[in-house]
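Dock chain B against chain A, hints included.
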Amino acid sequence: MAAGNEVTATYYIQHHLQNLTFGRHPENGWSFAHSSAEASEMGFWAIHVDTMGWSIAMGLLFIWLFRKAGRMATTGVPGGLQNAVEMVIEFIEGLVRSAFHGKNPIIAPLALTLFVWILLMNTLKIIPVDYFPQLFARLGVEYMKIVPTTDVNATLGMALGVFCLIIYYSLKVKGVGGFAKELSLTPFNHWLLIPFNLLLEVIGLLVKPFSLAMRLFGNMFAGEVIFILIALLPFWAIWLLDVPWAIFHILVVTLQAFIFTVLTVVYLSAAHEHH
Amino acid sequence: MNINMTLIGQTIAFAIFVWFCIKYVWPPISTALHERQKRIADGLDAASRASRDLELAQEQAAQTLRESKEQASQILEQANKRSAQIVEEAREQARAEGERLVAGARAEIDQEINRAKEELRAQVASLAIVGAERVLEASIDEQAHRKLLDKLAAEL
Numbered sequence: 001m002a003a004g005n006e007v008t009a010t011y012y013i014q015h016h017l018q019n020l021t022f023g024r025h026p027e028n029g030w031s032f033a034h035s036s037a038e039a040s041e042m043g044f045w046a047i048h049v050d051t052m053g054w055s056i057a058m059g060l061l062f063i064w065l066f067r068k069a070g071r072m073a074t075t076g077v078p079g080g081l082q083n084a085v086e087m088v089i090e091f092i093e094g095l096v097r098s099a100f101h102g103k104n105p106i107i108a109p110l111a112l113t114l115f116v117w118i119l120l121m122n123t124l125k126i127i128p129v130d131y132f133p134q135l136f137a138r139l140g141v142e143y144m145k146i147v148p149t150t151d152v153n154a155t156l157g158m159a160l161g162v163f164c165l166i167i168y169y170s171l172k173v174k175g176v177g178g179f180a181k182e183l184s185l186t187p188f189n190h191w192l193l194i195p196f197n198l199l200l201e202v203i204g205l206l207v208k209p210f211s212l213a214m215r216l217f218g219n220m221f222a223g224e225v226i227f228i229l230i231a232l233l234p235f236w237a238i239w240l241l242d243v244p245w246a247i248f249h250i251l252v253v254t255l256q257a258f259i260f261t262v263l264t265v266v267y268l269s270a271a272h273e274h275h
Numbered sequence: 001m002n003i004n005m006t007l008i009g010q011t012i013a014f015a016i017f018v019w020f021c022i023k024y025v026w027p028p029i030s031t032a033l034h035e036r037q038k039r040i041a042d043g044l045d046a047a048s049r050a051s052r053d054l055e056l057a058q059e060q061a062a063q064t065l066r067e068s069k070e071q072a073s074q075i076l077e078q079a080n081k082r083s084a085q086i087v088e089e090a091r092e093q094a095r096a097e098g099e100r101l102v103a104g105a106r107a108e109i110d111q112e113i114n115r116a117k118e119e120l121r122a123q124v125a126s127l128a129i130v131g132a133e134r135v136l137e138a139s140i141d142e143q144a145h146r147k148l149l150d151k152l153a154a155e156l
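These protein sequence lines are chains A and B, in that order.
Oh and the first sequence: position 99 is 99 in our numbering, straight run, nothing missing.
Oh and the second sequence: position 69 is 69 in our numbering, straight run, nothing missing.
Honestly, the hints are just simulated from the structure, not real lab data.
Keep in mind that the hints are not guaranteed to be accurate.
Per the computed footprint, the stretches of chain A lying under chain B, defined by three or more beta-carbons under 8 Å from a beta-carbon of chain B, are [stated by the list, open to error]:
{"no.": "1", "stretch": "72-84"}
{"no.": "2", "stretch": "129-136"}
Computed spacing ranges between beta-carbons, pair by pair [claimed, not checked]:
{"no.": "3", "chain 1": "A", "residue 1": "189", "chain 2": "B", "residue 2": "39", "range": "45 to 55 Å"}
{"no.": "4", "chain 1": "A", "residue 1": "17", "chain 2": "B", "residue 2": "25", "range": "27 to 37 Å"}
{"no.": "5", "chain 1": "B", "residue 1": "50", "chain 2": "A", "residue 2": "73", "range": "21 to 31 Å"}
{"no.": "6", "chain 1": "B", "residue 1": "25", "chain 2": "A", "residue 2": "189", "range": "49 to 59 Å"}
{"no.": "7", "chain 1": "B", "residue 1": "46", "chain 2": "A", "residue 2": "202", "range": "54 to 64 Å"}
{"no.": "8", "chain 1": "B", "residue 1": "59", "chain 2": "A", "residue 2": "68", "range": "40 to 50 Å"}
{"no.": "9", "chain 1": "B", "residue 1": "32", "chain 2": "A", "residue 2": "189", "range": "46 to 56 Å"}
Taking lysine-lysine pairs in the DSSO-like style, the calculated list, with each CA pair at most 27 Å apart, reads [stated by the list, open to error]:
{"no.": "10", "chain 1": "B", "residue 1": "38", "chain 2": "A", "residue 2": "68"}
{"no.": "11", "chain 1": "B", "residue 1": "69", "chain 2": "B", "residue 2": "81"}
{"no.": "12", "chain 1": "A", "residue 1": "68", "chain 2": "A", "residue 2": "125"}
{"no.": "13", "chain 1": "A", "residue 1": "125", "chain 2": "A", "residue 2": "208"}
{"no.": "14", "chain 1": "A", "residue 1": "103", "chain 2": "A", "residue 2": "174"}
{"no.": "15", "chain 1": "B", "residue 1": "23", "chain 2": "A", "residue 2": "125"}
Positions of the beta carbon are idealized from the N, C-alpha and C atoms, including for glycine.
Just chain A, with the same shape it has in the complex (with noise of 0.2 Å):
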């Protein structure tokens, strides 16, 4: 190996993990980032174009194929769409009713939102590293990043949504006394131990978003570090790693939107339940 070959190796994983950059540089003012340096430059007033891109062209497939289903729905034998898109609301519902212990008809839609909208995000990864970079350097963006659940802004949004909520609902179901309570007299219940508890509890509850969106997102960037360090091997050797990875993450993909719904349905049944 040269060292240019080296540099170049560097430099097309850098390329590949490289969001499109759109944000305020100290420099250029209001402008996408043309270098990592630039986007890291742009500090926090900055988005990534390409994630909130398709995550919501995610969403939006999402609505488009359940609407679609829904206003197709016969009460009669379901043709092929309506058959699989039951059989996944099928899938959730059991999901929420053995999870989910309390009364509240917004989760089982959150968790088949959840679930669809991450599976959506996370099968892209799929399709071939350089499929959509090469595409959209054609059109003259410098950066594809495709995968949204790969960067850490979508999945630490999303639990942080989640967060809410379980913020929301503890407040609802147990008042703020009760919330207070909770956090502060469990799970030693002795005035003493109060700031002990409190401690322990906030940090409980603050882990809980950060631990859902850390998994998801470490996943899936750890899986996409690979397929880009696969796509470095010769052309004729790539299939030879880059097909049993494909299929293993057949499992990941499905695997982690489910383990993201599922944990986000555990914890709001927890935000539901009186101590």
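What follows is chain B alone, placed relative to chain A:
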């Protein structure tokens, strides 16, 4: 960012992956979907069959009800007819019996009348003789006039 053989390599890998999915991933999913479809179709079939059966049973029940109503009315009619007949017969019998009784009474009366006549007839002769004796103050040869008087009595 330039196109090179990597893209070809990825395409080969992708093609193999898609082939794998078609060959090994899709069939079980497809089978599950078809099974579900079949289960629903069977369920709907069974339901429609059941509703058809119900309809049939209802029809049959209505039919049976109609028939039994008809039968009941028939039986009622027969009973009415029979009762009328019985009444008629009884009336006939009563009439016959009455007539018989009347006839018997009448016969008896006739018999009585005849007997009374006989008795009268028997007595009339002697009464007539007594009467005549009284009238004639003389005895009449009973022997001689018996025949005449008997003839007279017979004429009564």
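Results for each hint:
no. : hint                      : verdict
1   : 72-84                     : holds (count 6)
2   : 129-136                   : holds (count 5)
3   : A/189 to B/39: 45 to 55 Å : holds, 51 Å
4   : A/17 to B/25: 27 to 37 Å  : holds, 28 Å
5   : B/50 to A/73: 21 to 31 Å  : holds, 23 Å
6   : B/25 to A/189: 49 to 59 Å : holds, 52 Å
7   : B/46 to A/202: 54 to 64 Å : holds, 56 Å
8   : B/59 to A/68: 40 to 50 Å  : holds, 42 Å
9   : B/32 to A/189: 46 to 56 Å : holds, 49 Å
10  : B/38 to A/68              : holds, 22 Å
11  : B/69 to B/81              : holds, 18 Å
12  : A/68 to A/125             : holds, 25 Å
13  : A/125 to A/208            : holds, 25 Å
14  : A/103 to A/174            : holds, 14 Å
15  : B/23 to A/125             : holds, 20 Å
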